[in-house]
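**Q** If you read the sequences in order, they're chains A and B. If you want the working numbering, it's the 1-based position in the first sequence plus 1. If you want the working numbering, it's the 1-based position in the second sequence plus 183.
These are calculated hints, taken from the structure and not from any lab test. Built from N, CA and C at the ideal position, the CB exists for glycine as well. Careful, some of the hints might be misleading.
Ranges of calculated distance between the beta carbons of each label pair, as one might list FRET restraints [to be verified]:
1. A:Arg-81 to B:Trp-189: 31 to 37 angstroms
2. A:Arg-22 to B:Ser-364: 26 to 32 angstroms
3. B:Thr-287 to A:Thr-187: 44 to 50 angstroms
4. B:Ala-267 to A:Glu-82: 24 to 30 angstroms
5. A:Gln-251 to B:Pro-374: 44 to 50 angstroms
6. B:Ala-267 to A:Asp-71: 43 to 49 angstroms
7. B:Arg-458 to A:His-247: 22 to 28 angstroms
8. A:Thr-187 to B:Arg-347: 31 to 37 angstroms
9. A:Gln-251 to B:Trp-189: 52 to 58 angstroms
10. B:Val-214 to A:Glu-82: 53 to 59 angstroms
11. A:Gly-204 to B:Thr-287: 41 to 47 angstroms
12. B:Thr-287 to A:Arg-85: 53 to 59 angstroms
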Amino acid sequence: MSPEAAGLEVSGLSIDIGGRRVVDDLSFSVATGERLGLIGESGSGKSLSILSLVGLAPADAVVAGSVRLDGRELVGLSERELARVRGRQIGMVFQDPLAALNPLHTIGRQIGEPLRLHEGLSRRDALERAVDAAAEVGLPDPAQITRLYPHQLSGGQRQRVGIAIALACRPALILADEPTTALDVTTQAAILDLFQRLVDERGASLVFVTHDLAVLARITSDVVVLSHGRAVERGTVDGILRGAEHPVTQGLVAAARATTWRAS
Amino acid sequence: MTKHSWAQELLRRPAGVAAAAWIVLLVVAAVVSSVWTPHDPFDTDPYSAWQTPSLNHLFGTDGIGRDIFSYVFAATRTTVVVAALAGVLASLVGIGLAALGSLTARWVRESTAVLIDILIAFPTILIAMLLSSILGGSLGVVITAVGIGYGVNIARVSRGEIRRVGRTDYVLAARASGVGSAGVLGRHILPNVAPVFVVQLSLAMATSILAEAGLSYLGYGASASTASWGRLLNDLQVYIAIHPGSVVWPGAAITLTVLAFNLLGDALRDATDPRLRARRATSEAIA
Numbered sequence: 002m003s004p005e006a007a008g009l010e011v012s013g014l015s016i017d018i019g020g021r022r023v024v025d026d027l028s029f030s031v032a033t034g035e036r037l038g039l040i041g042e043s044g045s046g047k048s049l050s051i052l053s054l055v056g057l058a059p060a061d062a063v064v065a066g067s068v069r070l071d072g073r074e075l076v077g078l079s080e081r082e083l084a085r086v087r088g089r090q091i092g093m094v095f096q097d098p099l100a101a102l103n104p105l106h107t108i109g110r111q112i113g114e115p116l117r118l119h120e121g122l123s124r125r126d127a128l129e130r131a132v133d134a135a136a137e138v139g140l141p142d143p144a145q146i147t148r149l150y151p152h153q154l155s156g157g158q159r160q161r162v163g164i165a166i167a168l169a170c171r172p173a174l175i176l177a178d179e180p181t182t183a184l185d186v187t188t189q190a191a192i193l194d195l196f197q198r199l200v201d202e203r204g205a206s207l208v209f210v211t212h213d214l215a216v217l218a219r220i221t222s223d224v225v226v227l228s229h230g231r232a233v234e235r236g237t238v239d240g241i242l243r244g245a246e247h248p249v250t251q252g253l254v255a256a257a258r259a260t261t262w263r264a265s
Numbered sequence: 184m185t186k187h188s189w190a191q192e193l194l195r196r197p198a199g200v201a202a203a204a205w206i207v208l209l210v211v212a213a214v215v216s217s218v219w220t221p222h223d224p225f226d227t228d229p230y231s232a233w234q235t236p237s238l239n240h241l242f243g244t245d246g247i248g249r250d251i252f253s254y255v256f257a258a259t260r261t262t263v264v265v266a267a268l269a270g271v272l273a274s275l276v277g278i279g280l281a282a283l284g285s286l287t288a289r290w291v292r293e294s295t296a297v298l299i300d301i302l303i304a305f306p307t308i309l310i311a312m313l314l315s316s317i318l319g320g321s322l323g324v325v326i327t328a329v330g331i332g333y334g335v336n337i338a339r340v341s342r343g344e345i346r347r348v349g350r351t352d353y354v355l356a357a358r359a360s361g362v363g364s365a366g367v368l369g370r371h372i373l374p375n376v377a378p379v380f381v382v383q384l385s386l387a388m389a390t391s392i393l394a395e396a397g398l399s400y401l402g403y404g405a406s407a408s409t410a411s412w413g414r415l416l417n418d419l420q421v422y423i424a425i426h427p428g429s430v431v432w433p434g435a436a437i438t439l440t441v442l443a444f445n446l447l448g449d450a451l452r453d454a455t456d457p458r459l460r461a462r463r464a465t466s467e468a469i470a
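Chain A on its own, in the form it takes in the complex (with noise of 0.2 angstroms):
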């Protein structure tokens, strides 16, 4: 656990809620151009503890315990020194991809937004970028869908709109909160392929949150199960549905199972 070691690296993370825990003693780290599941229930703690790796927990949260990126801690940094990691160096993909787009600014202008933020471009070179982005995600037309309002897009592609403006500034970290749960089955897919590809050529590190087993074996090996805020289970997802040894992580692999049976 050396300080320059490159990745993510938490450490004892905890979060208490007005006197509650909900969150205890959580540890996992990510070396760079890995990937890492966090896999969970709803109510389990485990989008909380993606949000607070940033310092984005409400504001009644209160958070202890290590975040370091790349050897530098983030927790206990001021909302100024955050801000300049935000959309920088970790970029955040949410669940609901309607709800995470301002409904009142075009596609362009929110993809540009992270570009104008910390790379300085002005508003004409932020929306060029936007559009190689918007292209790079596979949105049809990008020069036209950059000028539509986030109502007038798909499912599918306002979620492509979130993964793009997630990776605008090329960070070195992803983290994704359930990115596919609001979406249907096969749109699902293709944007579990495009967070494949992407993720690999651009060599970023991924923290990928779920409550899918099945999801989550599309897209990495290393598993960490969340239960009411504490780690149960740790291992590869290979490994688990060999042979689950906690409850929860058994009733995670029933459920996966019986999706799986039930799509073939």
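With chain A held as given, fit chain B onto it using these hints.
**A** For chain B alone, coordinates are given in the frame of chain A:
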């Protein structure tokens, strides 16, 4: 083209255009009437009382021979001044209290919410009576009373809206992109609160015209030397059974103006929200 300025969008709405045109006409009338009216609006002439509309007296005359058109024309000044100043004051009170009640430290936020609730319990009329018993009745009292009374309403609605928008995913996503607190407030929260604010403000301005009429009637408003639609309506309504034609003019002026403010507020809200704009943009994009 899919992107228009809100002004262009507004011009595509007939109701918005008509409302804006009426308000522009009022402002022009207010300016013109301060230098010229067909007759002196306060000039009485017992020999020409209760005349029916003619070229000389477009709206006829009242019981003491005043030219109703000139009086209604001159009173637009009062209406425009009251609506504008009450609107400005209501905005200042509304935005100030809403900001204090949503963006500050917890204890300031919550005490402001209590203050807003207390102030809302005071009817505008009570504020006006209180002020005029200290300062005497004047247009200033009407403007202050309406500005505070409706400013508090604007504050309550806007405060709730700022807090709701502040908790949305797109604000969280903007912060996750590295947008600082000033940018989050200026580019993401306030523009999304604006439509609700605009509608509330147009309502406040419309109500200020009714309130001026009502308060002038009760003697808390304009002095007798100031022309006012409310005062004229009050003077003429006594004779409504005998001369129903004359009371129509101030009544229509008040109704049309209140309607114009409401319609303009709605049209502005629609024009600034891309989701409420014409669906045409979407079909163009797909084609």
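**Q** Look at the Cβ atoms of B:Thr-287 and A:Thr-187 and judge whether their distance stays inside 44 to 50 angstroms.
**A** The hint (44 to 50 angstroms, Cβ to Cβ) holds, given that B:Thr-287 and A:Thr-187 are roughly 47 angstroms apart.
**Q** Okay, B:Thr-287 versus A:Arg-85 on CB: inside 53 to 59 angstroms?
**A** Since B:Thr-287 and A:Arg-85 have Cβ atoms about 25 angstroms apart, the given range 53 to 59 angstroms is violated.
**Q** Return holds or violated for the Cβ distance of A:Arg-22 and B:Ser-364 against the range 26 to 32 angstroms.
**A** 28 angstroms, holds
**Q** Between B:Arg-458 and A:His-247, does the C-beta distance stay in 22 to 28 angstroms?
**A** Violated - the Cβ-Cβ distance for B:Arg-458 and A:His-247, about 45 angstroms, lies outside 22 to 28 angstroms.
**Q** That 53 to 59 angstroms hint for B:Val-214 and A:Glu-82 (C-beta), does it hold up?
**A** 55 angstroms, holds
**Q** Could one say that the CB atoms of A:Arg-81 and B:Trp-189 fall in the range 31 to 37 angstroms?
**A** 33 angstroms, holds
**Q** Take the C-beta atom of A:Gln-251 and the C-beta atom of B:Pro-374, compute their distance, and say whether it sits inside 44 to 50 angstroms.
**A** 48 angstroms, holds
**Q** Holds or violated: 41 to 47 angstroms for the Cβ distance of A:Gly-204 and B:Thr-287?
**A** 44 angstroms, holds
**Q** Verify the CB-CB distance for A:Thr-187 and B:Arg-347 against the hinted window 31 to 37 angstroms.
**A** Given about 34 angstroms between the Cβ atoms, the range holds.
**Q** Holds or violated: the 24 to 30 angstroms window for the beta-carbon distance between B:Ala-267 and A:Glu-82?
**A** This hint is violated: roughly 45 angstroms between Cβ atoms.
**Q** Between B:Ala-267 and A:Asp-71, does the C-beta distance stay in 43 to 49 angstroms?
**A** 57 angstroms, violated
**Q** Could you see if the CB distance from A:Gln-251 to B:Trp-189 stays within 52 to 58 angstroms?
**A** 56 angstroms, holds
Hints 4, 6, 7, 12 from the earlier list are contradicted by this structure; the remaining hints agree with it.
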